[in-house]
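J.: Take a look at the letters that make up each chain.
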Amino acid sequence: MAILEIKHVSKFFGGLAANSDVSFEMVSGMIMGLIGPNGAGKTTLFNCITGYYPPSRGEIIFDGHRMNGLHPDAVCKLGMARTWQKVRPLAKMSVVDNVMVGALCRTNSLKKAREMAMEKIHVVGLGNRVKFLAGSLPIGERKKLEVARVLATQPKLLLLDEVMGGLNPAESEEIIQLILDIKNIGITQMVIEHDMKAIMRISDRIVVLNSGEKLAEGNPQEIVSNKAVVDAYLGGE
Amino acid sequence: MRPFMHNMRGTSTLPVLLAVVAVAALFLLPNFVESTYALHIMILIFISIIMGSGWNILGGYTGQYSVGHAAYFGVGGYTTIILMQYRHIAPWYGVWAGILVAVAIALIIGTICFRLRGPYFVLASIAVAEIFRVTALNLKKLTNGAEGILITDIPPFKIGDVVITDFMSKVPFYYIGLVTLIIAIFATWMLQNSKLGYYFQAIREDQDAAHSLGINLTIYKNVALACSVVFTSLAGSLYGLYVGFIDPSTVLALDLSVQIVMTCIIGGIGTIFGPVIGAVVLVPFSEALRSNMIAQAIIDSGLVSENSGFGFFLKEQLSHAHVLIYGILLVVVILYMPDGILGFVRKLTSKRRKEAI
Chain A
529 MAILEIKHVS KFFGGLAANS DVSFEMVSGM IMGLIGPNGA GKTTLFNCIT GYYPPSRGEI
589 IFDGHRMNGL HPDAVCKLGM ARTWQKVRPL AKMSVVDNVM VGALCRTNSL KKAREMAMEK
649 IHVVGLGNRV KFLAGSLPIG ERKKLEVARV LATQPKLLLL DEVMGGLNPA ESEEIIQLIL
709 DIKNIGITQM VIEHDMKAIM RISDRIVVLN SGEKLAEGNP QEIVSNKAVV DAYLGGE
Chain B
830 MRPFMHNMRG TSTLPVLLAV VAVAALFLLP NFVESTYALH IMILIFISII MGSGWNILGG
890 YTGQYSVGHA AYFGVGGYTT IILMQYRHIA PWYGVWAGIL VAVAIALIIG TICFRLRGPY
950 FVLASIAVAE IFRVTALNLK KLTNGAEGIL ITDIPPFKIG DVVITDFMSK VPFYYIGLVT
1010 LIIAIFATWM LQNSKLGYYF QAIREDQDAA HSLGINLTIY KNVALACSVV FTSLAGSLYG
1070 LYVGFIDPST VLALDLSVQI VMTCIIGGIG TIFGPVIGAV VLVPFSEALR SNMIAQAIID
1130 SGLVSENSGF GFFLKEQLSH AHVLIYGILL VVVILYMPDG ILGFVRKLTS KRRKEAI
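From first to last, the protein sequence lines are chains A and B.
According to the working numbering, the first sequence is numbered sequentially starting from 529.
According to the working numbering, the second sequence is numbered sequentially starting from 830.
Here chain A stands alone, though its shape is the one from the complex (with noise of 0.2 angstroms):
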């Protein structure tokens, strides 16, 4: 069962065309990967995804509910959440306030608020670093905190925008570890990310999007030995 469809969606800023008439579906449980070259347009279609902005044209529907012009608080609550390309750690807060921002979410009380905080941070593996103020995790820690948080929110539909950017390999392997872990749980994820060699590991399918426009879609075997997509990453004639 589908529990995402972007129908022909395409988002103008002004002439230009972030994303033109991008439109593919996801199976509930399945990874899927978007990749596209630099400026292809996988932030706005986040963006719009989550209610960032309003899509310009076109339909996005997910788990049954038309998402056109709903705020991300809204979107969030429908069950479908987010982490960010650059990280945005609560910075004065501790980890696990952090956590409980993304948990009370689903609950008034801060007690159970920090139970379910508490089982999101060992999730990720940040154990340790419980008290600690989020401003002072590194970065690899902060984009599990990243991750923790929006579990917390309980999401149907989890969106990573780049949650490998600017990790070692070491940290890498960890996180393709906690997104697989993750769909393991049953969470359908949507995942941008730059390391070819993981994003052909963890998906499931794969969408290509080239200067806003969907270039191929397919499962990573497809992928690799489609003309087009080599010729977008490498330059073609």
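Be aware that a few hints might be false.
Cross-link-like lysine-lysine pairs, in silico, PhoX-like; alpha carbons within 20 angstroms at most [unchecked claim]:
1) B:K1024 / A:K639
2) A:K659 / B:K1144
3) A:K659 / B:K1024
4) B:K1024 / A:K640
5) B:K1024 / A:K620
6) A:K605 / A:K684
For the record, the hints were derived by calculation from the structure and aren't laboratory data.
With chain A fixed as given, assemble chain B onto it according to the hints.
T.: Showing chain B alone in chain A's frame:
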């Protein structure tokens, strides 16, 4: 929990203990202090703490730096006093009316201004307060314009037939101020340990992140503003009743808005006791400046001769320069104690603790 250690929410037990002792002492104080001047200063400090705590909810916890809180201070004060003076409604009802009016106005303004972020919000808040000042100046039928309203007398406070107080001395104002400030501090503490407090701080730290975590920015910013305005309005009513006079250039002035913000910045923004420390430092300081006490002290100490040009300047001009000195003080605090006095002390103690380990 071990004593003197920071607990989960960053408040420690030692200050709480100190606060309890301080409150007990404050309740007994009027029995021992004869000087009305001392009581006067205390009442001003109390009012300053109440309005500082109010601002702190919006500015300190939610990160929305309003430099127009005089608007709500003035609206609260004017509502209470107009109702008392022209409609003969006793102030202990009028105060609530003042809060209602101030909150209603705040929500309208908030809905419009909270679309703006950062410096643009600050500018809008200043503009709003100025609109209120000019309106009060010109609505002569209601506010008596620039002449202000002089309170003729406050009806005695009775329960049944028993007169509790007739408001003839400063003592009743002292106790009302003290109780209100305790409520303000307690409310801040409750807030800090609630879902609202978490949401407010998330908005302060990163609006976009907060938004994506399911926080409706417009609603929660308005809630913060409403909580904030309750205490600002209360402080305004109390001030008007205590001074017995209200006019636009004192209760609706930019000066006052800045003073409210200063109280919090100097004490420590986003902390429960920040406004308390800010008020305790700032009120006596500005009073000493205004009454020329500091200039006199410098001359008496022999550092500067009274007959020299500088001495003359100090004596004649220093009291007029209090705004300038506020400015210098603010710069010094921001440069050397960016988290206010409370943040500075905390840093020192935590450094010492680390060295001890």
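J.: Each hint should be assessed against the structure and marked as holding or not.
T.: Here is what the structure says about each hint:
About 10 angstroms separates the Cα atoms of B:K1024 and A:K639, which keeps this hinted pair within 20 angstroms; it holds. With a C-alpha separation of about 53 angstroms, the suggested pairing of A:K659 with B:K1144 is violated against the 20 angstroms cut-off. Between A:K659 and B:K1024 the CA atoms are separated by roughly 18 angstroms; this keeps the pair inside 20 angstroms, and the hint holds. Taking the CA atoms of B:K1024 and A:K640, the gap is about 11 angstroms. The hint holds against a cut of 20 angstroms.
The suggested pairing of B:K1024 with A:K620 holds, with an alpha-carbon distance near 17 angstroms, which does not exceed 20 angstroms. Proposed proximity of A:K605 and A:K684 is supported: the alpha carbons are some 10 angstroms apart, at most 20 angstroms.
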